[in-house]
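Protein chains: 4
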Amino acid sequence: MENWDGKEGTSAFHVPEWMIQFADQKQEFNKRPTKIGRRSLSRSISQSSTDSYSSAASYTDSSDDETSPRDKQQKNSKGSSDFCVKNIKQAEFGRREIEIAEQEMPALMALRKRAQGEKPLAGAKIVGCTHITAQTAVLMETLGALGAQCRWAACNIYSTLNEVAAALAESGFPVFAWKGESEDDFWWCIDRCVNVEGWQPNMILDDGGDLTHWIYKKYPNMFKKIKGIVEESVTGVHRLYQLSKAGKLCVPAMNVNDSVTKQKFDNLYCCRESILDGLKRTTDMMFGGKQVVVCGYGEVGKGCCAALKAMGSIVYVTEIDPICALQACMDGFRLVKLNEVIRQVDIVITCTGNKNVVTREHLDRMKNSCIVCNMGHSNTEIDVASLRTPELTWERVRSQVDHVIWPDGKRIVLLAEGRLLNLSCSTVPTFVLSITATTQALALIELYNAPEGRYKQDVYLLPKKMDEYVASLHLPTFDAHLTELTDEQAKYLGLNKNGPFKPNYYRY
Amino acid sequence: MENWDGKEGTSAFHVPEWMIQFADQKQEFNKRPTKIGRRSLSRSISQSSTDSYSSAASYTDSSDDETSPRDKQQKNSKGSSDFCVKNIKQAEFGRREIEIAEQEMPALMALRKRAQGEKPLAGAKIVGCTHITAQTAVLMETLGALGAQCRWAACNIYSTLNEVAAALAESGFPVFAWKGESEDDFWWCIDRCVNVEGWQPNMILDDGGDLTHWIYKKYPNMFKKIKGIVEESVTGVHRLYQLSKAGKLCVPAMNVNDSVTKQKFDNLYCCRESILDGLKRTTDMMFGGKQVVVCGYGEVGKGCCAALKAMGSIVYVTEIDPICALQACMDGFRLVKLNEVIRQVDIVITCTGNKNVVTREHLDRMKNSCIVCNMGHSNTEIDVASLRTPELTWERVRSQVDHVIWPDGKRIVLLAEGRLLNLSCSTVPTFVLSITATTQALALIELYNAPEGRYKQDVYLLPKKMDEYVASLHLPTFDAHLTELTDEQAKYLGLNKNGPFKPNYYRY
Amino acid sequence: MENWDGKEGTSAFHVPEWMIQFADQKQEFNKRPTKIGRRSLSRSISQSSTDSYSSAASYTDSSDDETSPRDKQQKNSKGSSDFCVKNIKQAEFGRREIEIAEQEMPALMALRKRAQGEKPLAGAKIVGCTHITAQTAVLMETLGALGAQCRWAACNIYSTLNEVAAALAESGFPVFAWKGESEDDFWWCIDRCVNVEGWQPNMILDDGGDLTHWIYKKYPNMFKKIKGIVEESVTGVHRLYQLSKAGKLCVPAMNVNDSVTKQKFDNLYCCRESILDGLKRTTDMMFGGKQVVVCGYGEVGKGCCAALKAMGSIVYVTEIDPICALQACMDGFRLVKLNEVIRQVDIVITCTGNKNVVTREHLDRMKNSCIVCNMGHSNTEIDVASLRTPELTWERVRSQVDHVIWPDGKRIVLLAEGRLLNLSCSTVPTFVLSITATTQALALIELYNAPEGRYKQDVYLLPKKMDEYVASLHLPTFDAHLTELTDEQAKYLGLNKNGPFKPNYYRY
Amino acid sequence: MENWDGKEGTSAFHVPEWMIQFADQKQEFNKRPTKIGRRSLSRSISQSSTDSYSSAASYTDSSDDETSPRDKQQKNSKGSSDFCVKNIKQAEFGRREIEIAEQEMPALMALRKRAQGEKPLAGAKIVGCTHITAQTAVLMETLGALGAQCRWAACNIYSTLNEVAAALAESGFPVFAWKGESEDDFWWCIDRCVNVEGWQPNMILDDGGDLTHWIYKKYPNMFKKIKGIVEESVTGVHRLYQLSKAGKLCVPAMNVNDSVTKQKFDNLYCCRESILDGLKRTTDMMFGGKQVVVCGYGEVGKGCCAALKAMGSIVYVTEIDPICALQACMDGFRLVKLNEVIRQVDIVITCTGNKNVVTREHLDRMKNSCIVCNMGHSNTEIDVASLRTPELTWERVRSQVDHVIWPDGKRIVLLAEGRLLNLSCSTVPTFVLSITATTQALALIELYNAPEGRYKQDVYLLPKKMDEYVASLHLPTFDAHLTELTDEQAKYLGLNKNGPFKPNYYRY
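Protein chains in written order, with our numbering: chain R, 1 to 508; chain C, 1 to 508; chain L, 1 to 508; chain P, 1 to 508.
One or more hints might be untrue.
Since the list can't tell identical chains apart, any single copy or any two copies may satisfy a pair.
The calculated lysine-lysine pairs, modelled on DSS-like cross-linking and capped at a C-alpha distance of 27 Å, are [claimed, not checked]:
(1) 113 x 410
(2) 456 x 113
(3) 337 x 491
(4) 125 x 456
(5) 464 x 367
(6) 113 x 227
(7) 217 x 119
(8) 227 x 491
(9) 367 x 225
(10) 309 x 119
(11) 309 x 491
(12) 502 x 464
(13) 410 x 75
(14) 502 x 465
(15) 225 x 78
(16) 491 x 248
(17) 72 x 119
(18) 245 x 456
(19) 456 x 309
Rather than coming from a laboratory, the hints here were simulated on the basis of the structure. Small disclaimer: the values here were computed from a predicted structure and weren't measured.
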């Protein structure tokens, strides 16, 4: 079977190396001798699917049960066995979590209300692969209320909340997921969602691209009936653009990751809070007066810098892009090269999406007790591997906190082993997840209902009007009152009174 | 002669009403009996060309000289008469102002240095129509150093600094501009730039679109030799998009107004400072504890809100766009309808680009001493005309400050008669003008040197790499040190080490 | 035995009711029949001594050992038995914690260095009663290095870190404390510190006043040899002023609580951070856009407001004091009565030191999901008792988080049952504890070495010069470089070059 | 005649050198040959009395009239000649200014209303010496409404608004003041206020101490009838403390300068705004990205730093006091010595009250275009005299703006020749003046009505309750609603429900 990424060498476009590495890595997996037995369907798993996840994410402890869910007979109260979860008995607890989440996801609940009249997803058969949390459950049940049939797997082997999965299974959703899946479990679950007698998906909701990848590899013919893919993650979106450039994308895809609400809200506003939260929970440090260097001044970096400045830290910024650099200057941050401040700072935070931003050489020069952490999109930013040398001692002082000790006694405080601080050491507010979930729901509705020809075999951003709609559904949370254009004003501005209100290139 | 805006009725696009009004207004002008004599070439003048300009903009007072410059014999020290300014004797004073401006425009000076080797504008014949200030002079002399020949008129009848115009004329630049032109003077000056024996422009640099309009109307054949238009203003850019939609744009045009550096720096950062400056200079008010409503949360509104919040004001925001509205919420501002707070606020600031945002009804309900001003892009936002009724008394208490007094004694403090506060009541920092001027220079270079076919008869945004270059030229001002990608990192990210660093849809 | 608070009725001063209540409460205790046996020495325990303490405060779990430490035979490695801790074997773990704390308490370490030459506490016999944490251990060992002999008990029955107590005992400090003491244990431990053959304290270091109270009650004659009391807490300081007013204070006392560094740093800067930390750890809420009312705009309220405003919350303030109220206005907060906003806010935070600031009536009117918490100095601010009625359901959803559910389904989220949020739900940074500990050490040195007559039987604030010295010892942490006055400047200002630099009434 | 400062040599207290200098300077004046004629009564004028004052302070131009007011026959419309102003005909214009000021001084107007019933100043004969502005006029007319008779002179030879003085004279107030007095005029005016047939003052309201000084020198017997002095300025207060220490103060004096409302509001909040205003009006600079060093982190420095940080400047702080230094650290500013950053900063601001904080050596090392200005309390902070050397060229580029040019072409931008930036280059908001004026009025009422023995011959701070009352009178401006204690709460806190609410040492 052909590699899904296709032959990139002939492309006129720049291809990020990490994509190529990703492809190589899979090749390598494929070359290795196949493990015996059921659990070795494939090893081509995305990086994000194995990221560790906040320990706060588990509600109840069922560590005593060591049997694999795949080996259990499971049946919900209505007699259905079309699911695979850790323990169907946890359904009630999970239901309560879902109900609490519903209270904070008013936008999805509003969609449900509207769905009482029309069912925009009637006939939709959605296969999904996302983190399985109470918030996802609210999304899935909303999709159901809108008329869709859903089958669901987890996009990460650690992040499933077993209680929530149980509640969904109890309500009749075919869910295949549990916390602590093996890589084989991971693909097995995805396969169980897709490979069903008498049911074929016509929509894909993916987070990371693994589900899409699986269908490309195993069931390419399914794409004939699929109306579109909705993808949320940076990684998954990159994969889709790559497919598109290679001419291999055979259905329209919606890039939810780059929607305004995702970029500006999830990245800027959420990171503004989670950087403080992550640092406090792990180190109990005081921010006032601390010297911090933030590598990268994109949305994430902007959020981190604003928060730390507000808390009385002295913040330095590094950047490669002169426009972002000039923004940092105008916002009151000294723009430096990392080398210039590495000896004096108390905290180093990476937010670049790049690799080896903090090298062993930097780590060698940091002062005692310097804290190092990563808020960027993967675990490559800090060269953690370079710290695995014999002369350095690692000491785990708390969950997610390591002291790396130099021969002279100097200690570096490394958080989450360089993985995402906000995912590992803090929790994500429901409000932010609500914005993303609503965007996903609307993207599914748009792709499913779009007239023939509106979308081609390409990757699209969500229509601005939908972005605006997502935002408007969240305003009641803040008791915010939008002003409406008068007819005269709409005419003057050349706008429809209901939007969209801005040209596509508007930057917000 | 055909109206330059073309037949819009058949367009599929929304046409802002103010553009149509603009066209109508010109029609009306044309219908009026032509005034006798030289001064009536045309009356079709853009709104922005008659905006009043800060009084701070004049250095020396030559009010005694009442003779029109057009009636004077003028000659510079080298014997040239190819110019028309107020008083060539003011050249020395103007030269000193230009020298001071040069110190704060390092980016243009850097371009000049590079031009010692290559002359990217050799052969360029640029006709320009902009505000004529010390900063413009630095731009013009930079264009000259890059190889171009320039002829220049003013884009506003009030904004010319006579001393600077004199200095340019003395240095051999054919400049046709003075402070206090009549409308006929205005068009006469433009015509003198364009209508020259033995010289025909091949590039246009415009601010407001009047020069472009004039050539369309009078010398449409000139466009055969013109390689492109660079336009800075909102108004001028709208006109160009209109032409383009109507299929009437016959050369490529560069939209400088929507470049990142212009939008984010000129609007956000500059307004953050000028709102405070404009309010203080006019009213000496204290910001702390004041209740303010800011209408519109675009870049200008964001800047105003951030500054006032930082100074201890309590800020409310109104918005029509739910995305900007949600940003206002997340930034800590209550989103309201104007009616909800109009009775309680101490200051009302409009930043919408819309019309009649503040109506007579609102004004009637404001409390005593409420300050009303406009930071948006034209003077339509506050319905000032509605205040010209017999029962209200106007009292001019300072330059740019009127008290409008209700029969019951209530006073509203109206600033700059609803025109732009930052243009009328504060000055624009050279640093901001430097960013715009550098962008204009690079846009001219790009259009002039672009290989056949790169640009068609359309309106373009500046290539991102040029935006990044403009930014990079301004970093030394802040002693800011940019980080360079390693080869390995560039490969990993799939980027060229010299940029561009972001996809086109990146929002900054 | 006479009540230690004396006869207050004749005093010309206002006596806070809570002091009287406190006295009453003790009376009541005294009236109750004395319990049989060893554990009933007294029940007159201060409120603060039973405040619950952050669960983060325990390092290792030794829950299996149910024997009371008082019933165990304990001996350290040098053969001493003059201590009583949970488990002497935990000493090594505790020592490591102390070493880590030492790294962040440079001021005390600097004092130790200076002590190598002189021993300002030689001959001092200090009895102490404070929280027993790694930071306290650094203080105690510093006092030892300065020449003092120390005996120590815990000021709170929950807050002792057993491992640290073990480490101190192992090093030879007579420590009597463990986590989870009964009230009888509490007084027994204090008594063991004081009531020793052949050793009599000449200095008291107290936190809450219980130790002082005990000596007043049981060993009043000891005060003949005691040179002074150093007291840190609000409660303890109030008790001392009460004694002083009643003419019953028989030694000088130093009020450490109201020193500048304590008030401005511990309260303002620390609460600025801990309000965010406490809310996040308990609720994972998003701050952006939330409406918050902060009751009280003292140092704690100022810190809370600044932090929440910076995170994008909309903050309202209530105040009784017009000066603080005017500060709130100038800082940009709407000053309201609680009733005016109680229906609309998402969070209610009390910081008043008052009682019943949030009443049942307020709680009844709050909207669904409103969060209620207390940052003030005791647990009286929210009338939590009023929520213990049959029609309301309490649901413990996490540690320190209760949902109180109204019959109509409305839920109020109550944190730490109205006790101190920052003590209960976040941790206190070592840096802040370092400031307080250093102040305590210097206060002890000052009182111990003061010449006869400098201090009378009264309550004193730390001499400003000492406050300044404490601050100066903490500047190196920030790599901060102080400027020194020239001789000429010192003469001009009429100041000693080494301070004090401000008049006593200076407010900072 | 004895020097009013008395013999300081024997004092046990530190005497600031500038006080001694002040005395010396006066000695020197006295030694100079007395000028012939009427205008040489004395030369012993305070430094502050000759500080230049903002040019904005003049409304109408009467530069044509060169006759000295002392040489004119003046009579108001009621026939009185007991005044001396520039031009009584300007009264109407002045009255309008006073009316506008009344609108923004609600606290004084509230006092007037209460005065309709009681006249707390009935019988008071107040002699005043302050800046004569519209705001002062509102104060004087309020004192009149409260029952007092007033006579008034100016405390500064430049600051009088002639129109306002005329309006006061027209209303019957004996005012002796005009803009541009000579030093002899200055003392003559004061003398005319004091030296009156049949009228003797019993209260003094002073700003700078010159009036008090004059009475001490010329009419010491007057103090027998004087009930007290109210003094507002730093300088005047220092003089009073000096007198007190020397045992020469013969009446009670009220130090208004150190009242909470003055310190925290006038200094912190007002400077937070005026630093931006002063810099913008003089230089039109952009704050974003600029590097600034602020010398001194008292209230003024705190205000400057907060404002500049908020506008995107990078701010460094210098301090001599470790407590203020630690505050700067915790607020997020790097604490440096001036030398460490002098080469790199764009702006230097002094706020120390010290002398020679910026020396010639510093000035020599500054970079080109560095801006230097002073926000402290006198003009000694920058060693401006050191710049008056032949190799440096001074160029006046605007009012209050000098370029000092080094031989190599480097320019330093010196504002207001090192005098107070906020006084010279911006205006003071009426709201702040209202706070001070109300405090002065209440201080006069308190001293005038205090029972025998409450105040001795000493310098007092305003009773806290009065400070609180001043604040409460200003809350309605912000529509601020104060919470009232319940009886139960007041009892609990041991407070009177009407205040005072804080102990004397409370720092706010």
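Task: Alpha-carbon proximity between residue 227 and residue 491, which holds within one copy, between copies, both or neither at 27 Å - done: Neither: 37 Å inside a copy, 34 Å across copies.
Open item on the list: Regarding residue 309 and residue 119, is the shortest C-alpha distance of 27 Å or less found within a copy, between copies, in both, or in neither?
Closed with: neither (48 Å within a copy, 42 Å between copies)
- [ ] Could you figure out if residue 125 and residue 456 sit no more than 27 Å apart (CA to CA) within one copy, between two copies, both or neither?
- [x] Classified as within; 20 Å inside a copy, 45 Å across copies.
TODO: Tell me, please, which holds for residue 225 and residue 78 at an alpha-carbon limit of 27 Å: within, between, both or neither?
DONE: Classified as neither: same-chain Cα gap 31 Å, cross-chain 80 Å, threshold 27 Å.
- [ ] Using 27 Å as the alpha carbon limit, work out where residue 245 and residue 456 are close: within a copy, between copies, both or neither.
- [x] both (13 Å within a copy, 25 Å between copies)
- [ ] Pop the pair residue 456 and residue 309 into one bin, within, between, both or neither, using alpha-carbon distances up to 27 Å.
- [x] Intra 45 Å, inter 46 Å, cutoff 27 Å: neither.
Task: Identical-chain pair category, residue 410 with residue 75, by Cα at 27 Å - done: Answer is neither; intra-copy 56 Å and inter-copy 35 Å both fail.
- [ ] Give the relationship of residue 502 and residue 465 under a CA distance limit of 27 Å: within one copy only, between copies only, both, or neither.
- [x] both (9 Å within a copy, 24 Å between copies)
Task: Intra- versus inter-copy proximity for residue 227 and residue 113 (alpha-carbon distance at most 27 Å) - done: within (25 Å within a copy, 57 Å between copies)
- [ ] At 27 Å max between alpha carbons, let me know whether residue 367 reaches residue 225 within a copy, between copies, both or neither.
- [x] Answer is neither; intra-copy 59 Å and inter-copy 47 Å both fail.
- [ ] Have a look at residue 337 and residue 491 and pick one of within, between, both or neither, based on CA distance no larger than 27 Å.
- [x] Intra 50 Å, inter 20 Å, cutoff 27 Å: inter-copy only.
- [ ] Using 27 Å as the alpha carbon limit, work out where residue 309 and residue 491 are close: within a copy, between copies, both or neither.
- [x] Neither: 43 Å inside a chain and 33 Å across chains, both beyond 27 Å.
In summary, the numbered hints that this structure violates are 2, 5, 7, 8, 9, 10, 11, 13, 15, 17 and 19.
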